[in-house]
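Trainee: Chains as they are written, first to last, in the numbering used here: chain C, 1 to 530; chain X, 1 to 354.
Please keep in mind that the hints were generated in silico from the structure rather than gathered at the bench.
In this text, all values refer to a predicted model and were calculated from it rather than measured experimentally.
Hints should not be assumed to be uniformly reliable.
[Stated by the list, open to error] Below, simulated DSS-like cross-link-like pairs (lysine-lysine); rule was C-alpha separation at most 25 angstroms, straight line: (1) K490/C <-> K6/X; (2) K87/C <-> K327/C; (3) K95/C <-> K76/C; (4) K339/X <-> K199/X; (5) K25/C <-> K298/C; (6) K91/C <-> K402/C; (7) K12/X <-> K185/X; (8) K298/C <-> K208/C; (9) K208/C <-> K263/X; (10) K228/X <-> K142/X; (11) K177/C <-> K327/C; (12) K263/X <-> K233/X; (13) K7/X <-> K208/C; (14) K208/C <-> K6/X; (15) K490/C <-> K12/X.
[As the list claims (entries may be wrong)] If you only want the chain C side, here are some residues facing chain X, beta carbon under 8 angstroms, derived: (16) F8; (17) Y124; (18) L463; (19) L472; (20) A492; (21) A493; (22) W503; (23) Y504; (24) L511; (25) V518.
C-beta atoms are modelled at their ideal positions from N, C-alpha and C, and glycine is treated no differently.
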Amino acid sequence: MLFTSYTFLGFLAVLFLLYYLIPGKFQWKLLLVFSCLFYYAAGPFCLVYILAATVTVYFAACRIGTISEEQSAYIKAHKTELSREEKKSYKQKMKSRCWKWLLACLLLNLGILAVVKYTNFAIYNVNSLLTALGNDRRFGFWDIALPMGISFYTFQSLGYLIDVYRGVVPAERNFFKLALFVSFFPQLVQGPISRFGDLSASLFAEHKFDSRTVSFGLERILWGFFKKLVIADRILTGVNAIIGEPENYGGAYVFVGMMFYALELYADFTGGIDITIGVAQVLGVTVKENFQRPYFSKSIKEYWRRWHITMGTWFTDYIFYPISVCKPMLKFSRSARERFGEALGKRMPVYLSSFAVWLATGIWHGASWNFIVWGLGNWVVIMISQELEPLYERFHGRFAVKDRFWFRLFQVVRTVLLMSALRTFDCYRDVPLTFRMFGTLFTAGNWQILWDGSLLQLGLGSLDYGILAAGLCLLVTVSLIQRKGSVREKIAARPYPVRFVLWYGLFLAVLLTGAYGVGYDASQFIYNQF
Amino acid sequence: MNRLMKKNRLVKILISAAVVLTSLYLLQRLLMPKYVSDIVEGALIAEYYEEEKDHDVIFIGDCEVYENFSPAVLWEEYGINSYIRGSAQQLIWQSYYLLEDTLRYETPEVVIFNVLALQYNEPQREAYNRMTLEGMEWSMAKVHAIQASLTEKEHFLDYVFPILRYHSRWSELTGEDVEYMFQTKPVSHNGYYMRVDVKPAQNVPEGKILPDYRFGDTAWEYMERITKLCRDKGIRLILVKAPSLYPYWYEEWEEQIEAYAKKEDLLYLNFLELQEETGIDFRTDTYDGGLHLNLSGAEKITRWLGNVLVQEAGLLDRRGEEPLTTLWEEKLAAYEAEKQDQYKALEAEQAADP
């Protein structure tokens with residue numbers, strides 16, 4: 001069920017009416033029913049996978065919770081009898097039991113994810129290897145349909161399980177509440193990846209109709225529709241034209257494609273998240289922000305703190321830190337310091353942990369070498385810029401340009417260009433082709449296409465470019481205003497006629513300039529495939 | 001104070017709703033195609049609702065009815081009051097629901113259905129759907145017609161709120177969209193689309209070999225529903241195959257229709273086989289090389305059909321009946337006027353490019 005389909009709007013309208021008509025104590029149950037219906041609409045088989053994740057995580061978390069409770073009760077009961085050593089040994093034993101449950105559940109769920117998402121990638125690589133070795137044997141590909149949002153709900157539910165293990169949140173004893181946390185429909189399609197501690201309070205609470213909250217939610221949905229339908233789905237035609245025929249569109253077209261894709265991905269993903277957060281807000285549920293004006297970042301590192309925030313923090317909390325502080329890594333750190341000196345030796349474990357994170361990020365994004373190279377490309381750029389840090393500091397010590405507008409603009413443009421260049425790996429069908437196309441940027445010498453009208457042959461007319469330019473101006477303006485606080489708050493403080501003109505104007509912009517309906521292909525959200 | 005605030009709020013909501021609904025309505029009217037000077041076929045279906053509804057004969061079907069039969073001739077020569085509810089590529093279920101729709105207003109004595117529509121068993125093209133369905137007034141017949149006709153990418157809601165379909169037409173708007181925003185001008189003569197120009201039929205292609213010559217189940221289902229509906233209402237159903245040379249009419253199709261007509265005891269007239277009787281000459285009586293008849297051809301076969309209607313269906317001459325006669329005087333004047341206009345335009349065109 002596409003967020004931008006009539007079916008979804010109808011689904012939402014029915015849910016909204018029922019949600020505020022029924023007693024508050026039934027609201028979360030209604031959300032669970034509608035989440036199941038939403039997921040069922042994506043294919044009944046999808047329910048099996050999400051149910052498996054929910055059941056296994058529920059039981060593992062309950063077991064871990066029970067073991068932790070037993071431990072607390074035992075220590076409390078035998079506080080005076082047990083020596084410090086006995087307490088430590090007992091805790092160790094209980095922790096080991098919890099670890100076994102955690103590990104089993106992690107392996108099972110990541111195993112399911114790996115099988116449905118990466119089996120064919122593995123087969124492809126084995127076949128390629130056999131070819132390289134001159135062996136004629138080939139393994140057939142599996143016919144496995146990827147359940148919608150499996151990466152998102154798997155990570156979200158495993159994050160919860162790890163939090164229970166760490167004692168950050170108590171185990172949720174109500175299976176249906178946990179099921180709702182895992183399957184809450186607005187974030188099933190493309191995240192954000194919520195934490196139980198952040199989401200549960202408002203998700204299970206009773207909500208009375210509040211016109212301000214509801215209208216804020218609806219405004220956010222409308223803004224998401226604008227990004228998705230007016231910008232992302234319109235520019236999609238140009239992106240597809242360029243990447244669909246690499247043999248005809250090299251050189252400067254690759255640059256244009258990079259820029260188009262940067263805009264498309266931003267409008268598509270942030271638009272989808274706006275709809276997600278808006279829908280949740282209409283229902284009184286608070287979902288964490290996933291973006292913070294990422295294209296205003298002055299470095300790639302900063303960009304990744306502001307883009308897909310919940311995924312970044314998930315990888316940091318559940319992969320980077322555990323790897324950084326695990327025993328082998330601490331041992332490696334000690335030996336690196338001894339061998340390479342204090343400064344470099346100290347950084348090496350960080351680089352290694354970052355490598356693991358970026359490798360995982362790449363793999364998470366998709367089962368192809370393109371994503372793996374893209375992930376590692378990010379890692380390389382971040383590591384290089386970290387290594388160049390002293391050089392930057394010396395430069396800034398000598399030239400006082402750090403706070404100059406033009407220098408900050410240069411940094412922002414540099415970040416956007418770097419990110420867009422890395423994203424070419426998302427676009428082309430394989431890694432060698434991506435490198436080849438990237439190479440044509442410097443060899444084709446066809447930059448005249450930027451002004452000789454060639455861009456009008458990409459399926460986008462001058463009106464499309466006009467709409468895109470106006471949309472882009474609006475995006476930038478809103479982002480600039482956002483730096484000083486919520487735009488919706490600012491608009492809400494205006495007199496009613498101004499508010500009405502602004503929001504109705506935005507609605508008409510979506511209605512009249514949106515790329516939807518017959519004549520336009522309804523495009524799935526890009527992040528839905530992850 | 002609280003009451004005053006509530007009142008103010010209510011006023012704000014009402015004014016806002018009025019502004020939204022009015023502006024959306026106006027936008028929808030503006031953006032919808034008007035079919036006045038270009039692709040006028042799209043305007044045919046809606047014109048019926050402006051008519052007096054006391055017809056003896058109703059034609060239903062695709063372009064083979066609205067371009068090949070002239071109700072003006074039926075009136076002028078036989079006193080038969082008829083109307084054509086035809087539209088481009090009208091699918092058989094659309095014909096059925098158009099008949100249902102027509103029967104909401106009147107019960108004619110004869111319904112004439114052009115059988116070429118049986119060739120399609122599934123929805124075809126959105127553009128043609130629009131031209132047939134949009135002009136229908138809302139009723140359950142229209143709802144069912146839409147549901148039966150939707151192609152894969154279409155949505156029912158797009159018919160309820162056509163602005164959702166035509167939302168991006170603002171870039172193609174012309175003066176006509178403003179001029180005919182609320183009131184359009186008639187483009188047909190009782191559903192007949194007049195063309196006086198001539199393009200002789202030459203090198204008419206043979207029909208392609210089909211994998212299966214049997215009409216589809218859905219097509220037959222609606223054929224039977226048309227027959228039953230007519231029978232239930234006491235209407236004489238006549239099946240016709242207009243004399244268009246293309247799309248090709250296969251012998252296998254002919255056999256199926258003949259068998260059906262015989263089984264149901266229906267009169268079936270295949271004008272392709274009546275060229276001698278009707279006097280059709282494809283060197284002079286078609287404007288597009290044999291696909292459709294021009295005015296001359298349409299008047300010839302209508303004249304022949306009128307005689308059949310009188311002889312076989314016993315239709316009476318209603319000339320002299322008021323206010324029908326006065327109404328037809330106006331219609332015939334408009335018919336003649338357009339005929340003259342088209343001949344003049346054609347002469348001017350030929351003079352400019354001899």
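Trainee: Is it true that the CA of K228/X sits at most 25 angstroms from the CA of K142/X?
Mentor: Holds, because 19 angstroms separates the two Cα atoms, which is no more than 25 angstroms.
Trainee: Can the hint on A492/C be confirmed by a CB-to-CB distance to chain X that is less than 8 angstroms?
Mentor: Not OK, violated: A492/C not within 8 angstroms of chain X, min 14 angstroms.
Trainee: Is the Cα-Cα distance between K91/C and K402/C 25 angstroms or less?
Mentor: 52 angstroms, violated
Trainee: Do the alpha carbons of K208/C and K6/X lie within 25 angstroms of each other, as the hint requires?
Mentor: 19 angstroms, holds
Trainee: Check the hint pairing K177/C with K327/C against an upper bound of 25 angstroms on the C-alpha distance.
Mentor: 36 angstroms, violated
Trainee: Given the proposed pairing of K490/C with K12/X, does the C-alpha separation stay at or below 25 angstroms?
Mentor: 20 angstroms, holds
Trainee: Checking hints one by one. Is V518/C an interface residue toward chain X, by the C-beta closer than 8 angstroms rule?
Mentor: 5 angstroms, holds
Trainee: Does the structure keep K95/C and K76/C at a Cα separation of 25 angstroms or less?
Mentor: 17 angstroms, holds
Trainee: Sort out whether K263/X lies within 25 angstroms of K208/C, counting only the CA atoms.
Mentor: Given that 25 angstroms is the threshold and the Cα spacing comes to 67 angstroms, the pair is violated.
Trainee: Is K490/C close enough to K6/X, meaning Cα to Cα at most 25 angstroms?
Mentor: 24 angstroms, holds
Trainee: Under the criterion of a CB-CB separation shorter than 8 angstroms, is Y504/C in contact with chain X as hinted?
Mentor: 7 angstroms, holds
Trainee: How about Y124/C: closest beta carbon in chain X under 8 angstroms, or not?
Mentor: Nearest chain X Cβ about 32 angstroms off; hint violated.
In this structure, the hints that do not hold are numbers 5, 6, 7, 8, 9, 11, 16, 17, 19, 20, 21 and 22, in rising order.
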